[in-house]
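Just so you know, the protein sequences line up as chains A and B, in that order. Position 63 of the first sequence, counted from 1, bears residue number 188 in our numbering, the numbering being contiguous throughout. Position 11 of the second sequence, counted from 1, bears residue number 35 in our numbering, the numbering being contiguous throughout.
Hints are computed from structural coordinates only; laboratory data are not their basis. The beta-carbon is built from N, C-alpha and C at its ideal position, and this holds for glycine as well. Possibly wrong hints are sitting among the right ones.
[Stated by the list, open to error] Here are the simulated DSBU-like pairs of lysine-lysine, each with C-alpha atoms no more than 35 Å apart in a straight line:
id : chain 1 : residue 1 : chain 2 : residue 2
1  : B       : Lys88     : B       : Lys38
2  : A       : Lys195    : B       : Lys88
3  : A       : Lys195    : B       : Lys79
4  : B       : Lys88     : A       : Lys161
5  : A       : Lys195    : B       : Lys65
6  : B       : Lys44     : A       : Lys222
7  : A       : Lys182    : B       : Lys38
8  : A       : Lys222    : B       : Lys38
9  : B       : Lys38     : A       : Lys161
10 : A       : Lys184    : B       : Lys65
11 : A       : Lys176    : B       : Lys38
[What the hints assert, rightly or not] Per label pair, the in silico range of CB-to-CB distance:
id : chain 1 : residue 1 : chain 2 : residue 2 : range
12 : A       : Gln183    : B       : Gly40     : 30 to 38 Å
13 : B       : Cys37     : A       : Asp143    : 44 to 52 Å
14 : A       : Gln139    : B       : Gln66     : 23 to 31 Å
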Amino acid sequence: GQQVMQIPQYQHVQEGEDFTTYCNSSTTLSNIQWYKQRPGGHPVFLIQLVKSGEVKKQKRLTFQFGEAKKNSSLHITATQTTDVGTYFCAGASGTYKYIFGTGTRLKVLA
Amino acid sequence: GAVVSQHPSRVICKSGTSVKIECRSLDFQATTMFWYRQFPKQSLMLMATSNEGSKATYEQGVEKDKFLINHASLTLSTLTVTSAHPEDSSFYICSARGLGGPSGNQPQHFGDGTRLSIL
Chain A
126 GQQVMQIPQY
136 QHVQEGEDFT
146 TYCNSSTTLS
156 NIQWYKQRPG
166 GHPVFLIQLV
176 KSGEVKKQKR
186 LTFQFGEAKK
196 NSSLHITATQ
206 TTDVGTYFCA
216 GASGTYKYIF
226 GTGTRLKVLA
Chain B
25 GAVVSQHPSR
35 VICKSGTSVK
45 IECRSLDFQA
55 TTMFWYRQFP
65 KQSLMLMATS
75 NEGSKATYEQ
85 GVEKDKFLIN
95 HASLTLSTLT
105 VTSAHPEDSS
115 FYICSARGLG
125 GPSGNQPQHF
135 GDGTRLSIL
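All chains should be built: construct the whole structure from the sequences, respecting the hints.
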């Protein structure tokens with residue numbers, strides 16, 4: 126079945142440093158979504174990418190969808206302590222459901 | 025907007041008890057609701073997809089007789105864990121997807137989750 130992997134599994138950064146998480150799917154995706162889950166909380170929708178090669182920005186966050194629509198990345202510039210949490214990608218491959226990636230847990234050291 | 029309420033937030037009960045968890049979309053109609061299970065520090069594992077007015081679609085390896093899903097209206101889906109045992113202890117989260125737009129292109133809005141502990 127479809128698998129969605131993310132690397133790294135964990136990342137500790139100093140506040141102000143950049144952070145990137147990579148998402149790779151075993152199958153071609155129709156679209157991909159990104160979510161953030163704070164410790165003890167539920168996932169919160171960040172963004173959706175649909176087009177091949179698409180790049181979207183939200184303030185310090187940059188999201189990219191690969192040309193082959195099998196991978197994606199989330200880059201955070203100049204991390205802040207509020208960025209702490211686990212970032213999940215979730216990919217859909219033409220069906221109604223999304224498969225969540227393994228997640229990247231980000232810790233930001235002040 | 026797009027608020028999903030999940031209740032209860034925490035359940036502690038004895039082995040053999042059946043537990044019902046409710047998932048409501050408060051300010052939008054949801055044709056599709058999803059039920060996930062999340063183990064500590066792990067990803068969300070899709071258990072089943074609940075469609076209003078029809079039978080739920082279960083993922084491989086999920087026992088439909090163990091995890092009963094009912095999607096009675098466009099704003100309510102319930103998950104009942106029947107005869108729960110300690111291995112069913114977990115964090116269960118629902119999500120709802122609204123109407124409109126191409127199927128699969130709507131974001132999921134998550135409830136706060138239910139932490140189930142079976143003694």
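Checked hints:
1. Lys88/B x Lys38/B: holds, 21 Å
2. Lys195/A x Lys88/B: Cα-Cα ~31 Å, so holds.
3. Lys195/A x Lys79/B: holds, 31 Å
4. Lys88/B x Lys161/A: Since the Cα atoms of Lys88/B and Lys161/A sit roughly 29 Å apart, the hinted pair holds (cutoff 35 Å).
5. Lys195/A x Lys65/B: Holds, because 25 Å separates the two Cα atoms, which is no more than 35 Å.
6. Lys44/B x Lys222/A: OK: Lys44/B and Lys222/A at ~23 Å, within 35 Å.
7. Lys182/A x Lys38/B: Cα-Cα ~48 Å, so violated.
8. Lys222/A x Lys38/B: holds, 33 Å
9. Lys38/B x Lys161/A: holds, 33 Å
10. Lys184/A x Lys65/B: Holds: Lys184/A and Lys65/B sit about 27 Å apart, inside 35 Å.
11. Lys176/A x Lys38/B: Answer violated: Lys176/A to Lys38/B is near 49 Å, above 35 Å.
12. Gln183/A x Gly40/B: 30 to 38 Å: violated, 47 Å
13. Cys37/B x Asp143/A: 44 to 52 Å: Holds - the Cβ-Cβ distance for Cys37/B and Asp143/A, about 46 Å, lies within 44 to 52 Å.
14. Gln139/A x Gln66/B: 23 to 31 Å: holds, 27 Å
The earlier numbered hints that this structure contradicts are 7, 11, 12.
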